[in-house]
Amino acid sequence: MNNKELNWIYLFISHIKRDILINSRSLFDIVSIFGFMLLIIILFPMGIGPIQEKLDIVSNAVLWIGLIIAIIPSLEKMIQRDYTNGWLDQIATSPIPLEIVLLAKSISHWIIVIIPLIITSPIFAILLGLEFNQIPWLILSMSIGGLSICFIGIIGAALILGARRGNILLPVIILPLIIPILIFGVGVNEAIKIGLSPLPNLFLLIAFSLIYLVISPFISAILIRIAISR
Amino acid sequence: MFDWLANPNRFNRITNKMQPVLLLASLITIILGLYFGLYDSPKDYQQGHAVRIMYVHVPSAWLASGLYLLLAISSIFYIVWKHPLADLMSRATAPIGALFSLLTLVTGSLWGKPMWGTWWVWDARLTSMLILFFFYIGYILLSNAFERKIDGSKSAAVLAIVGIINLPIIKFSVDWWHTLHQPSSLLKFDGPTIDGQMLLPLILMIIGFCLFASYIIILNVKTKLIEKKCEALILKLNLNEISNIR
Chain A
2 MNNKELNWIY LFISHIKRDI LINSRSLFDI VSIFGFMLLI IILFPMGIGP
52 IQEKLDIVSN AVLWIGLIIA IIPSLEKMIQ RDYTNGWLDQ IATSPIPLEI
102 VLLAKSISHW IIVIIPLIIT SPIFAILLGL EFNQIPWLIL SMSIGGLSIC
152 FIGIIGAALI LGARRGNILL PVIILPLIIP ILIFGVGVNE AIKIGLSPLP
202 NLFLLIAFSL IYLVISPFIS AILIRIAISR
Chain B
615 MFDWLANPNR FNRITNKMQP VLLLASLITI ILGLYFGLYD SPKDYQQGHA
665 VRIMYVHVPS AWLASGLYLL LAISSIFYIV WKHPLADLMS RATAPIGALF
715 SLLTLVTGSL WGKPMWGTWW VWDARLTSML ILFFFYIGYI LLSNAFERKI
765 DGSKSAAVLA IVGIINLPII KFSVDWWHTL HQPSSLLKFD GPTIDGQMLL
815 PLILMIIGFC LFASYIIILN VKTKLIEKKC EALILKLNLN EISNIR
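As given, the protein sequences belong to chains A and B, one line each in that order.
Under this note's numbering, think of the first position of the first sequence as 2, with each following residue one higher.
Under this note's numbering, think of the first position of the second sequence as 615, with each following residue one higher.
Derived from the structure by calculation, the hints contain no laboratory data.
Check each hint, because a few of them may be wrong.
Some, not all, of what chain B presents toward chain A, calculated at C-beta under 8 Å [claimed, not checked]:
#, residue
1, 749
2, 751
3, 752
4, 755
5, 756
6, 759
7, 765
8, 768
9, 772
10, 776
Taking CB as the label site, the calculated pair distances span [what the hints assert, rightly or not]:
#, chain 1, residue 1, chain 2, residue 2, range
11, B, 730, A, 127, 35 to 41 Å
12, B, 690, A, 211, 23 to 29 Å
13, A, 201, B, 813, 39 to 45 Å
Quick caveat: nothing in here was measured; it's all calculated off a predicted structure.
Quick reminder that beta carbons are idealized off the backbone N, C-alpha and C, glycines included.
Work out the full structure, taking the sequences as your base and the hints as a guide.
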């Protein structure tokens, strides 16, 4: 039993390593996600005008919306490539539990895509004129929220496997599920801005992430088995 | 019981008898409800004649969330027992539910303009009804997104089951967050807080809408059954042709 558990942890880590290695060969994808988010962050102040007071009202929401919109196109690629080249079929027929592989996939996607955005998020925060005491909370809430967006995204990516126009379908399906993350994520930073404790919103954000952590590997594994059986 | 109904021929036989009754009963109750609602009921002391929008708004809101429950339940039946009829049932329910939730949003904003002074507010109940509408649209898009229609059935059924978390949020949103939308005055532990003269047309309209929705859904399921039979016939004909050529 102990031996088996060890094997699962080893599997989990080796799958994360594999995904990071594959994605590090195409660094342009990650840079383009960063550029997309930067574009959104730059376009908002231009639309609103140079008045800082106006910008202060929307700055937290803009950061979160930029994060979500920049990540969504990349979510589909999480399992699309492995599905089309047959790797997922091999995994599903092997004794390796599909759930662990999918959990590793969502976490590796978080490491590859979200972590670079979080490291550079102080730049975005300065561009939007956030206070310095907000930045640590921004980083914390974005890393937790980004993790749960990855968990939701793998459900969405598994739903649209093999569908026509899947890239249009994916946002329609997962946006309703992302809304609570957006609300509580912005809530953390808004609470800091007006001088309240950010903890209630942060705890709710963590609670949502934990719920999605529990359900997402199982639901996406069911969906992938359905997709493979077609 | 559902196993018993899942036979398409038996379903056809039963619904053939039910359909005229449903249509007639729904027409009678809707006409009666409209008469009492639009003509023979007092206007509200605050809202004036605009209160009459309620007789369409409330039944369609109930049906929008009720039909989602039906969609989710038939999806569970499809996933667990794999009845093809359950899949047809959820496919037939989704567009009707989407229309009813759209009707709810439209009548609500028509009512909101004179009462609240705006067409739309980002109130909890309005937002959750909009999200329900998105779930319907997502279901319809996903179930039709595959080359062979049957391929989308299971994935879409899973989506419908995941979306069920939205239903309690709609129901209790008005109690949890004290927002602009008024709380329910019909479903309460201590009886409805609404005058009898307004209650009668409202209940008539709810019954009428439910009957009408079930009539339309049965009609839709039957159309889809005939479609399936046509597809099978075409396949058979093509196969015969191919074998004749050989």
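Hints and how they fare:
| no. | hint | verdict |
| --- | --- | --- |
| 1 | 749 | 6 Å, holds |
| 2 | 751 | 6 Å, holds |
| 3 | 752 | 5 Å, holds |
| 4 | 755 | 6 Å, holds |
| 5 | 756 | 6 Å, holds |
| 6 | 759 | 4 Å, holds |
| 7 | 765 | 5 Å, holds |
| 8 | 768 | 5 Å, holds |
| 9 | 772 | 6 Å, holds |
| 10 | 776 | 7 Å, holds |
| 11 | 730/B / 127/A: 35 to 41 Å | 40 Å, holds |
| 12 | 690/B / 211/A: 23 to 29 Å | 25 Å, holds |
| 13 | 201/A / 813/B: 39 to 45 Å | 41 Å, holds |
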